[in-house]
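*Asks:* Sequence:
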Amino acid sequence: MNAYDRAVDRALAATGNTHLNAREISALIDRAEEATPHVHQLQRLHPGYDTTRDLLDAAGMTCARIGLREDIDPEFLDALLQEIAHA
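Just so you know, we're using our numbering here: the sequence shown kicks off at 40 and counts up by one.
Since the hints were made in silico from the structure, they are not lab data. Among the hints, a few may not be true.
Stated by the list, open to error - Cβ-Cβ distance ranges computed for the label pairs, FRET-style:
1) Gln-121 <-> Gln-80: 13 to 23 angstroms
2) Ala-126 <-> Gly-99: 17 to 27 angstroms
3) Glu-109 <-> His-58: 29 to 39 angstroms
4) Gly-99 <-> Met-40: 34 to 44 angstroms
5) Asn-60 <-> Ala-97: 27 to 37 angstroms
Where is the CB? At the ideal position from N, CA and C, for every residue including glycine.
Please model the entire structure based on the sequences and the hints provided.
*Replies:* Following this line, the structure appears as structure tokens:
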């Protein structure tokens, strides 16, 4: 298992999503990876916000606008980016 896989596992655990099956995890990762550049752009435009949800609110955007689902995606993305930053 490489560092990225370990970061994904820790992010899943941190967000309480260890119950997801492999297909669901793969789709979640795909959505998170697609949204990451958008989140980085929002961080530059709206500094000072701690979460993806807060950034989206500040920008007047929805999760769907950057390809995320409302349920667990923003929290997973935040946890994954944090895990990668600490790896």
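*Asks:* All the hints need checking, so say for each whether the structure fits it.
*Replies:* Quick rundown of the hints versus the structure:
no.	hint	in the structure
1	Gln-121 <-> Gln-80: 13 to 23 angstroms	holds, 18 angstroms
2	Ala-126 <-> Gly-99: 17 to 27 angstroms	violated, 33 angstroms
3	Glu-109 <-> His-58: 29 to 39 angstroms	violated, 18 angstroms
4	Gly-99 <-> Met-40: 34 to 44 angstroms	holds, 39 angstroms
5	Asn-60 <-> Ala-97: 27 to 37 angstroms	holds, 34 angstroms
The structure fails hints 2, 3 (numbered hints given earlier, in ascending order).
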